[in-house]
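J.: So the sequence shown is numbered by the working numbering: it starts at 25 and just counts up by one.
The set of hints was computed from the structure by calculation and includes no laboratory data.
Here are the simulated DSSO-like cross-link-like pairs (lysine-lysine), alpha carbons at most 30 Å apart as the crow flies:
no.: 1; residue 1: 134; residue 2: 334
no.: 2; residue 1: 509; residue 2: 720
no.: 3; residue 1: 705; residue 2: 681
no.: 4; residue 1: 484; residue 2: 62
no.: 5; residue 1: 720; residue 2: 707
no.: 6; residue 1: 163; residue 2: 134
no.: 7; residue 1: 290; residue 2: 62
Computed beta-carbon distance windows for the label pairs:
no.: 8; residue 1: 114; residue 2: 686; range: 50 to 58 Å
no.: 9; residue 1: 730; residue 2: 245; range: 50 to 58 Å
no.: 10; residue 1: 661; residue 2: 720; range: 24 to 32 Å
no.: 11; residue 1: 458; residue 2: 256; range: 30 to 38 Å
Ideal Cβ positions, reconstructed from N, Cα and C, are used throughout, including at glycine.
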Amino acid sequence: MALAATGMAQETGDAKGNLLKLLGIEPSAESVDYVRTKTQFQLHTLLTEQRHQKTWPLGERIQKDTLSGLKMLSSVDDDIRAKMEELAAAPAVLEQAARAVEDAILSGRKIYVYGCGATGRLAKQMESAFWRPFWRRVKADRKIAAKLAGFIPEGIEEALVGEMTGADRALISSLEGFEDLQLIGRLQLHDRGIRKGDVVICVTEGGETSSVIGTVLAALDEWRGEPGYSSGESRTRLYFVYNNPDDRLLPFDRSRSVLTEPGITKINLTTGPQAITGSTRMQATTIETYVVAAVIETAVGRALARVLGKGELARLGFEEGGGAERAGVAGVASRLREFGGVLNGARAALPALAALTDIEAAAYAGGRFSTYYAEKGLITVFIDSTERSPTFRLFPLDTVREQQRRCWIQVWTGAKTAGDAWRAFLGRPFRGLASENYRQPFETGIDDPYLRRAALESLKKAGDDQAELYDFSLSASNTERRGTKKGDLCVLVGLTPEEAEFGREGSSFRNVLRLAGESGADAAVVLVTRSPQKEFPRIEAGIRRLFEGRSGRLIVVPVHVRTAGDPFGLRQQIAAKMLLNSHSTAVMAKLGKVVGNTMTNVSPSNLKLVGRATYLIQSHVNDVLGLADWVKANGGREPISYGEANAVLFDSIAYLKDRQAEAGQTAEVAFSIIRILESLKQKRGISREETLGIVKAVGLNTYLTSL
Numbered sequence: 025m026a027l028a029a030t031g032m033a034q035e036t037g038d039a040k041g042n043l044l045k046l047l048g049i050e051p052s053a054e055s056v057d058y059v060r061t062k063t064q065f066q067l068h069t070l071l072t073e074q075r076h077q078k079t080w081p082l083g084e085r086i087q088k089d090t091l092s093g094l095k096m097l098s099s100v101d102d103d104i105r106a107k108m109e110e111l112a113a114a115p116a117v118l119e120q121a122a123r124a125v126e127d128a129i130l131s132g133r134k135i136y137v138y139g140c141g142a143t144g145r146l147a148k149q150m151e152s153a154f155w156r157p158f159w160r161r162v163k164a165d166r167k168i169a170a171k172l173a174g175f176i177p178e179g180i181e182e183a184l185v186g187e188m189t190g191a192d193r194a195l196i197s198s199l200e201g202f203e204d205l206q207l208i209g210r211l212q213l214h215d216r217g218i219r220k221g222d223v224v225i226c227v228t229e230g231g232e233t234s235s236v237i238g239t240v241l242a243a244l245d246e247w248r249g250e251p252g253y254s255s256g257e258s259r260t261r262l263y264f265v266y267n268n269p270d271d272r273l274l275p276f277d278r279s280r281s282v283l284t285e286p287g288i289t290k291i292n293l294t295t296g297p298q299a300i301t302g303s304t305r306m307q308a309t310t311i312e313t314y315v316v317a318a319v320i321e322t323a324v325g326r327a328l329a330r331v332l333g334k335g336e337l338a339r340l341g342f343e344e345g346g347g348a349e350r351a352g353v354a355g356v357a358s359r360l361r362e363f364g365g366v367l368n369g370a371r372a373a374l375p376a377l378a379a380l381t382d383i384e385a386a387a388y389a390g391g392r393f394s395t396y397y398a399e400k401g402l403i404t405v406f407i408d409s410t411e412r413s414p415t416f417r418l419f420p421l422d423t424v425r426e427q428q429r430r431c432w433i434q435v436w437t438g439a440k441t442a443g444d445a446w447r448a449f450l451g452r453p454f455r456g457l458a459s460e461n462y463r464q465p466f467e468t469g470i471d472d473p474y475l476r477r478a479a480l481e482s483l484k485k486a487g488d489d490q491a492e493l494y495d496f497s498l499s500a501s502n503t504e505r506r507g508t509k510k511g512d513l514c515v516l517v518g519l520t521p522e523e524a525e526f527g528r529e530g531s532s533f534r535n536v537l538r539l540a541g542e543s544g545a546d547a548a549v550v551l552v553t554r555s556p557q558k559e560f561p562r563i564e565a566g567i568r569r570l571f572e573g574r575s576g577r578l579i580v581v582p583v584h585v586r587t588a589g590d591p592f593g594l595r596q597q598i599a600a601k602m603l604l605n606s607h608s609t610a611v612m613a614k615l616g617k618v619v620g621n622t623m624t625n626v627s628p629s630n631l632k633l634v635g636r637a638t639y640l641i642q643s644h645v646n647d648v649l650g651l652a653d654w655v656k657a658n659g660g661r662e663p664i665s666y667g668e669a670n671a672v673l674f675d676s677i678a679y680l681k682d683r684q685a686e687a688g689q690t691a692e693v694a695f696s697i698i699r700i701l702e703s704l705k706q707k708r709g710i711s712r713e714e715t716l717g718i719v720k721a722v723g724l725n726t727y728l729t730s731l
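When you get a sec, could you build the whole thing from the sequences and use the hints?
T.: Below, the structure written as structure tokens:
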């Protein structure tokens, strides 16, 4: 079904047909305010918000053929490959960024990577999965550590700060109101002690995220406040990374303030529309993760090459570059060209992955749950798991207060306590927002009453105390109280050298697999390994021996990735990310949570997502109203307006918010579309209760197919 072409926001009630009167809806004050004053957050003109031609029929295709659907999703990653080649051919701006990071390392300055939502999790990954583990490994090599003493600062692990809007608590789920504030980005920058001369890399999937823009502008102000300010100097330290064409972003004031600023270097990584419309956790964040990590990895290698020899660099995982590579260490361009091999390895695993997708979808359809276990790949697994909630309108991860599991998925790692699990995850203790640093600026610095109220409410859920609410450990209480049961699914994700853990008696990987088998649950092992494909049968046979005699099914998904010259383990993490993103999207598509390739189950938790939800309601309804069969059966009418769609959306939000126990994971978009169409079909305003009954009984996909 093609999305109808529609314009920007319109006032409520401007279309013929009196839809709102039929439904008995009076637009709420918040809806009227959104339509009239929030046009800067109505972003459906952006390229990342468009439908990708390759995945147009995804929802229907994957119901018939899971592997075909997975291949369709993966095909969009070719856009990343093409962009990588383009960047590798002209890497000047990325090399500039690498030099800045290298200088920061050597001079004891900070490197601040900041993002929001998916890119905020990217920032956390830079620190906790790449930076800290690498320097721990360096310090564990006594000879190398001794040689670096006095050259690399002693506290080098603390030099890179990966921060996201809302701090560590936002890793779990979004904190409403924060993303839409430039103010919070400014406050967090100061809170983390970032000053003039530090390298600031701000990453936004779409190029319009307010908190990220506020961060880079605040960093620029640190420079402007000093005598003799030079934009040429500041732009060597300040970077804005984004994934939309400039001409699509310039109409938005906040984006234009950065794109036209000479004191900030812009790194445009546009790949095109996403595999799922607007789902920037996929291609946009994949390329941004890879490119930013490649820049930092290059900088680290060159800094170390000033002191270490080739053999020592090789021990740390660095690969010698060609003759033109500075200091003999592979440059950014060489690293970017490795992406194609990563993509090929991930694609080769799709047939095995399809079996896992089928099993996981069936588990959820049957009212069962999944448990994901990881150690080295913990952040990548955790990110994919938590991002399912806002993308597909699912319950967020359960807190320790939940007596029964509500969230379909939980994540564990090899730690004995909740605190140890957070340290394993982050490489440091949990870091929240201190409310005393934010409350007063929120109260006096946010003019919009809706945003002020939301931000102050979210601030209550952003402190250090939030760490106590979540337990990802392999503790006895977790395994006994929340362990897998018959019909559940346990997925273990390993990265080289963790394949050896399955052969080590008493390892956590073996214990988790054993617990799953004893409970009668199904299990899967996703193994991203440097071992060549010819070794896969041997590896799989060894894992299968551990599950012999169990009643559950076992799926093994081996993935080959070259690890030479990959000191951060970036390629393995990216391969795991692409596979898990495609897998989790495919699972939800099989469950009917995707219509075509549109995100009809999106959670409207910020101004941008309210705009996306409104546009989806308007577009899908108007597509149906334009069908010949609909017109023949129900008569013609004018398309519904943006304002009408928004009024219905806010009415749905209010209704479902007050009925979480009854409504469960019902999506506001699906609810609104069905309510509008069924009311027009019956020529009476059907009640909210009737609508909820239809949504729960058949779902949006089946409903639209029946029209």
